[in-house]
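J.: Sequence:
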Amino acid sequence: MHEIGIVRSMCKTVLDFARENNIQQISEIVCQIGELSLVIPQYVEELYPVVAAGTALENTKLVMEMVPGLAECRECDEIFNVVQYEGYCPNCGSFEKDVLSGEDFNIKEIHIPE
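Just so we're aligned: 91 in numbering that gives the first Met the number 0 is position 92 of the sequence shown, and the numbers increase by one with no gaps anywhere.
Misleading hints may appear alongside valid ones.
[Stated by the list, open to error] Derived Cβ-Cβ restraints for the label pairs, each shown as a range:
no.	residue 1	residue 2	range
1	ASP15	GLY92	27 to 37 angstroms
2	PRO40	GLU85	33 to 43 angstroms
3	ASP76	SER26	38 to 48 angstroms
4	SER26	LEU99	28 to 38 angstroms
5	GLU19	PRO89	38 to 48 angstroms
Hints are computed from structural coordinates only; laboratory data are not their basis.
It should be emphasised that the depicted structure is a prediction, and the values quoted were computed from it without experimental measurement.
From the three backbone atoms N, C-alpha and C, an ideal C-beta is built for every residue, glycine too.
Let the sequences and hints guide you as you build the complete structure.
T.: If you want it as structure tokens, here you go:
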């Protein structure tokens with residue numbers, strides 16, 4: 000389960016950012032999880048409260064947005080969802096593709112209470 004390392008790294012990044020910018024409180028963290036990233040959202044959701052416990056993030060809400068795994072077919076230039084079509088172009092059937100999105104895990108936003 001590599002998600003624990005990802006959650007720890009995310010918390011460290013947010014806490015470092017808050018410290019560097021003199022931010023006292025964070026109300027919400029929005030992260031993007033790519034459909035092709037091999038990160039399991041359920042595990043991130045379960046691990047976050049455990050990792051955040053005892054830190055300034057303890058009562059912070061975690062919001063996860065899924066980013067679709069899109070690719071462009073090298074044969075016909077069709078853009079398609081890799082997961083939905085099991086990696087094959089729905090237009091020509093080719094497996095040759097360039098992935099355009101959905102491979103990353105990103106911190107998109109950090110919300111501060113007003």
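J.: If you check the beta carbons of PRO40 and GLU85, does the distance land in 33 to 43 angstroms?
T.: 20 angstroms, violated
J.: Mind checking the hinted window 28 to 38 angstroms against the Cβ distance between SER26 and LEU99?
T.: For SER26 and LEU99 the Cβ distance comes to about 32 angstroms; the hint holds.
J.: Does the hinted range 38 to 48 angstroms hold for ASP76 and SER26 at CB?
T.: 43 angstroms, holds
J.: Given a hinted range of 38 to 48 angstroms, is it respected by the beta-carbon distance of GLU19 and PRO89?
T.: Holds: the Cβ-Cβ distance is about 46 angstroms, inside 38 to 48 angstroms.
J.: Honestly, do ASP15 and GLY92 meet the 27 to 37 angstroms range at C-beta?
T.: About 47 angstroms separates the Cβ atoms of ASP15 and GLY92, which means 27 to 37 angstroms is violated.
Going down the numbered hints, you'll see the structure goes against 1 and 2, while the others check out.
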